[in-house]
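Residue numbers (the working numbering), protein chains in the order written: chain X, 51 to 175; chain D, 27 to 516; chain S, 71 to 566.
What the hints contain is simulated information worked out from the structure, not anything from laboratory work. What you are looking at is a predicted structure, and each value in this text was computed from that prediction instead of being measured. Backbone N, C-alpha and C define an ideal beta-carbon position, used for all residues, glycine too. Any given hint could turn out to be false.
Unchecked claim - Beta-carbon label-pair distances, calculated as ranges: (1) X:D58 - S:N279: 57 to 63 angstroms; (2) S:I84 - D:R396: 28 to 34 angstroms; (3) D:G222 - X:A151: 39 to 45 angstroms; (4) X:F63 - D:A306: 25 to 31 angstroms; (5) S:L282 - D:L227: 54 to 60 angstroms; (6) X:K79 - D:L47: 36 to 42 angstroms; (7) X:E174 - D:V69: 18 to 24 angstroms; (8) X:D164 - S:R97: 20 to 26 angstroms.
Unchecked claim - These stretches of chain D come out as covered by chain X in the derived footprint (C-beta under 8 angstroms, 3 or more residues): (9) 185-197; (10) 281-289; (11) 433-439.
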Amino acid sequence: MMFRSLLDQYPYFISTVLLALGIWGMFAKHNLMKKLIGMNIFQVAIILLFVSSSAKFGGTVPTFDTKIGVANPDLYVNPLPHVLMLTAIVVMVSTTGVALAILLLIYRRYHTLDEREILKRMREQ
Amino acid sequence: MNQLPVIIPVSLLMFAFLTFLLGIWRRSLAYPVATAGVTVSLVASVLGLMRVLQSGPQHYFLGGWAPPLGIEYVLDNLSAFMAVLILTVAFISMAYSRQTFLKEVPEKIVPLYSLLLLLLAGLAGIVVTGDLFNVYVFLEIASLAAYAVLCIGNDKAPVAVIRYVIIGTVGACFYLLGVGFLYFATGSLNMADVAGLLPGLYGSRLVVAAAVFIVAGMALKMALFPFHIWLPDVYTYSPSGVITFVAPLMTKVGAYVLIRMLVSVFSPNYLNESFPVTVALGWLGAAGIIAGSIMAIAQKDLRRMLAYSSVAQIGYVALGIGLANPLGLVGAMLHILNHAFMKGGLFQVSGSIRYSTGLWQIPHLAGLGRRMPWTMGAFTVAAISMVGIPPAAGFFSKWYLVQGAVYADNWVFVGVVLLSSLLNAVYFFRILEKVYTAPEAEHGGASLAKDPPMGMLVPMLIMAVGIIVLGIINAAIVSNILQPVADQIF
Amino acid sequence: MGAFSSTAPLIAVIVPTLAAVLIVLSRRRPNLREFWSVGASAAMFAVVLSILPDVLAGRYPEILLFDISPGISLALTADAAGLIFALSASALWIVTSVYSIGYMRTVGEKKQTRYYASFALCLASTMGVAFSANLLTFVLFYEMLTIATYPLVIHKETPGAVAAGRKYLAYLLTGGLVLIAAAALTYQYAGTLDFKPGGFLSQLGSQPNLMLLFVLFLIGFGVKSALMPLHGWLPTAMIAPTPVSALLHAVAVVKAGVFGFVRVVGFVFGPDLFHSIGAWHVLAVLAAITILLSSLLAMYQDNLKRRLAYSTVGHLSYIVLGVSLLSPLAWVGGLLHIVNHAALKITMFFCAGAIYARTHCENVSELDGMGKQMPITMGAFTLASLGLVGLPPLNGFISKWMLGQGALGADAGVFLGLLLLSGLLNAAYLLPIVRRAYFAKSDKRNRFGEAPLLMVVPLVLTAALALFLGLFPDGLFYFYRLASDTAASIFGGVSG
Chain X
51 MMFRSLLDQY PYFISTVLLA LGIWGMFAKH NLMKKLIGMN IFQVAIILLF
101 VSSSAKFGGT VPTFDTKIGV ANPDLYVNPL PHVLMLTAIV VMVSTTGVAL
151 AILLLIYRRY HTLDEREILK RMREQ
Chain D
27 MNQLPVIIPV SLLMFAFLTF LLGIWRRSLA YPVATAGVTV SLVASVLGLM
77 RVLQSGPQHY FLGGWAPPLG IEYVLDNLSA FMAVLILTVA FISMAYSRQT
127 FLKEVPEKIV PLYSLLLLLL AGLAGIVVTG DLFNVYVFLE IASLAAYAVL
177 CIGNDKAPVA VIRYVIIGTV GACFYLLGVG FLYFATGSLN MADVAGLLPG
227 LYGSRLVVAA AVFIVAGMAL KMALFPFHIW LPDVYTYSPS GVITFVAPLM
277 TKVGAYVLIR MLVSVFSPNY LNESFPVTVA LGWLGAAGII AGSIMAIAQK
327 DLRRMLAYSS VAQIGYVALG IGLANPLGLV GAMLHILNHA FMKGGLFQVS
377 GSIRYSTGLW QIPHLAGLGR RMPWTMGAFT VAAISMVGIP PAAGFFSKWY
427 LVQGAVYADN WVFVGVVLLS SLLNAVYFFR ILEKVYTAPE AEHGGASLAK
477 DPPMGMLVPM LIMAVGIIVL GIINAAIVSN ILQPVADQIF
Chain S
71 MGAFSSTAPL IAVIVPTLAA VLIVLSRRRP NLREFWSVGA SAAMFAVVLS
121 ILPDVLAGRY PEILLFDISP GISLALTADA AGLIFALSAS ALWIVTSVYS
171 IGYMRTVGEK KQTRYYASFA LCLASTMGVA FSANLLTFVL FYEMLTIATY
221 PLVIHKETPG AVAAGRKYLA YLLTGGLVLI AAAALTYQYA GTLDFKPGGF
271 LSQLGSQPNL MLLFVLFLIG FGVKSALMPL HGWLPTAMIA PTPVSALLHA
321 VAVVKAGVFG FVRVVGFVFG PDLFHSIGAW HVLAVLAAIT ILLSSLLAMY
371 QDNLKRRLAY STVGHLSYIV LGVSLLSPLA WVGGLLHIVN HAALKITMFF
421 CAGAIYARTH CENVSELDGM GKQMPITMGA FTLASLGLVG LPPLNGFISK
471 WMLGQGALGA DAGVFLGLLL LSGLLNAAYL LPIVRRAYFA KSDKRNRFGE
521 APLLMVVPLV LTAALALFLG LFPDGLFYFY RLASDTAASI FGGVSG
């Protein structure tokens, strides 16, 4: 029984694993690009969490389907988390864009993306 | 005019784009258009505050969709107060930063002003919205604009900012997770709606997890000890004109979100049986106050000292929230206001010194009191307020915080608040001594110093006068605006 | 009863504040600047004097300004106790202003604008302290007094002066901060902070809490009152120019501290409550220790101003002792000593400053034969020394006599013995100076001559004042009446 519900909850476990991976990447890696990738993984994990929460057994894509009609909302997957996550994905992409621009600035100036190197070169100035 | 709540952020958004478009066409238009945008929003927020004081909270439904399905914008005492605060400080900073921008990054004026307006739009949006997810959206708008604007014109700033990007994003995502859990538990994203549904879910682990994530996320954004590690570098390396916008405001909206969660969504004692959120906040705040003040004493760079001082001041706000009684909350909210003016003034002084002399190391500031009398006068007023000497505003927020701590019988907090005043005195009076009594250096930037031009001097003096005025009228602010907020929940 | 609305207390605070602004504006014209200083002191004194007839008739002017905290307003009121403090401080400011002009000109100090402006702000804060109607207003002005005096302490801007300023701030700010906690706790217990003769803290809570409150007040006011062991800042602050030491550290700042004790014991706790929690023991014992130790320490100081500083420490505790003895006579003695000690000590500081200005001698050991060279100065000094020792017909005798009677009346005869002993110790550290000045042969060839007129006239005036108050305690400004009115209002149980 417990195994069954565990199997049913697999999206949440995957989310958690990805979250942990992301955090590890952000704080354990020294290369700035790898940190950025970790950040991305972290955000994706959250998006996955939300989206999987909207799933329903037997539900279909939440666009109006004339064959099903509007009588039974259980036949459609919950659209609200999808919508929220569209916004979150936009935020994620924008953040990645800004972060990449900043990385470009850093690379042009210090010619390395290794955090320890950069800090060393900053101190030398 | 029940559209006031939405005009505040939306006008800033529109003017952000307008500034960019007009600026590309003619660079000299960037500043006037940006200032016009801030003015429009400022007027709207002041009108909103007056309306709220007269007739109570104002609601606006975005697109006409009523909550809980639609997104709602609410102006009540707390949000109107924050909105007026944000826009007033922004307006004064706009006037101040013009010269520094023209001097340091003249070719990037247009994107700079549009991004600043975007930042302000985000900040204003956070405080007027009544929808949990909307807070996340505006939070990220503000943060992204801030990341971009903090890197301008500098070599070291990007390194500091990339760390801020990572930590800030983690914070915002934690907040998002928390909101998600709340949605899973209650099925709604509207603050008032969730507040109504929560009592029935008392003890639910999902709700506790939600609260923890929200508080953790905001703690990261707010630079609450020990999550403050991004702040010193960012405040130290960013351009001075930008930091006068960011320093008084960014961390405060994080505190605002926390207060909003406590006041309008969770009630303060809702969680204390399952997870002592407010107690943790209070103690982290106390630790932050002491750690921040001690670190500030050790600094030689003026901006880094002010950065650690900001960490300590956010500790005051957290301590006030953590006390979970009316006086503590009032003290926290009043301190948000006071600190915005004090820190804004201090960073403006620091920027003026940089502008006039190119210096920022404290030992090099010897003798500036004679050469830059008005600037240092403003600094003195702000320093006195930080130490907590009446009639400057800082005394009064400490008065309420001490009262709150005494009421909660928490003498450790009383001791922390009072001890920190002494620590503040150490690092501020050290500078005052150096500036007024130390003999001048014979060469170097200090000998060329003079008071900055009027465009920078007047805003600084307005901040200084504002500090004293806010101190004198604090009772009016507290009884009319802040006390009703606290009374709502206790 | 008989409170009536009047702006007089407010004007007393505003006049010196305005003067400070005018002084800063006139920084390019020394004569105008000094005119503002002296003029403001005279004007302020006139305002305070105008309040005297009303208070003597039992009608108290009060003015309530806006709220400074919900439910607590910024309120000023002139009652008998406040008037004692205000009258002595404002009258002595006039002579100090004149003296300052003489001192500054002779010594050639720089930064005079900052000096005169800070002085004016100090006096504004002092008036605020004297006329505060509730504890929060009191704390406000008390803290402003600290910060207004700081520029005066570091006036010389030497490393020593700056270090002294740090010590000054460390002590005084700490005291002020503890006071904030005390005020918060009081407000929590009583729901009000308005001073009421006979106290407003009715019996609430168990004894330990009130004791804690008292300890907080003890530390808070003890610093400015130079109660041992919190006295360390006063001798160090002597590095300030002598007019500063004279007015502020003999009349304004330190008397604000003891005035705080007057307010706390008489108008917050009330004598009955204070007695019942046993706090009077603590206060009296600390005062006694201070009196004795300070006199002993005074004997070892060679620097004249430091010796006078320790003497001040001791005499302040006379007042604290009087307050703690909780009897009407002791109170009258203590309150009178606020005025008497002020007049005597300011004379001595004026003399010290005159000697320094003329001869650059700072130490007792250099004062041999000074009596011949500066006869008027040393004459005033001798008179004041006799007053501090407590000999009739000088005013010091009056307050000591009342204190002694009060001690007997409170069944605490040991304190009478203490007062007599202290008189002897005072003689031990003051009379040798007199002896040196008159009977020792000076090996200095130069004849310095008397100090300039602008300095000599004030010190003669204050010495004469001391003598006059000794002969006619009620003769000038009815100090004796005011003191006994205060005591009556507190102990008689009659409100208002």
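Evaluation of the provided hints:
1. X:D58 - S:N279: 57 to 63 angstroms: holds (59 angstroms)
2. S:I84 - D:R396: 28 to 34 angstroms: holds (30 angstroms)
3. D:G222 - X:A151: 39 to 45 angstroms: holds (43 angstroms)
4. X:F63 - D:A306: 25 to 31 angstroms: Holds, since X:F63 and D:A306 (Cβ atoms, about 28 angstroms apart) stay within the stated range.
5. S:L282 - D:L227: 54 to 60 angstroms: Violated - the Cβ-Cβ distance for S:L282 and D:L227, about 42 angstroms, lies outside 54 to 60 angstroms.
6. X:K79 - D:L47: 36 to 42 angstroms: Once the Cβ atoms are compared, 40 angstroms apart, the range 36 to 42 angstroms for D:L47 and X:K79 holds.
7. X:E174 - D:V69: 18 to 24 angstroms: violated (50 angstroms)
8. X:D164 - S:R97: 20 to 26 angstroms: Roughly 58 angstroms apart at Cβ, these two residues miss the hinted range, so it is violated.
9. 185-197: holds (count 7)
10. 281-289: violated (count 0)
11. 433-439: violated (count 0)
The structure does not agree with the numbered hints 5, 7, 8, 10, 11 stated previously, though it agrees with the rest.
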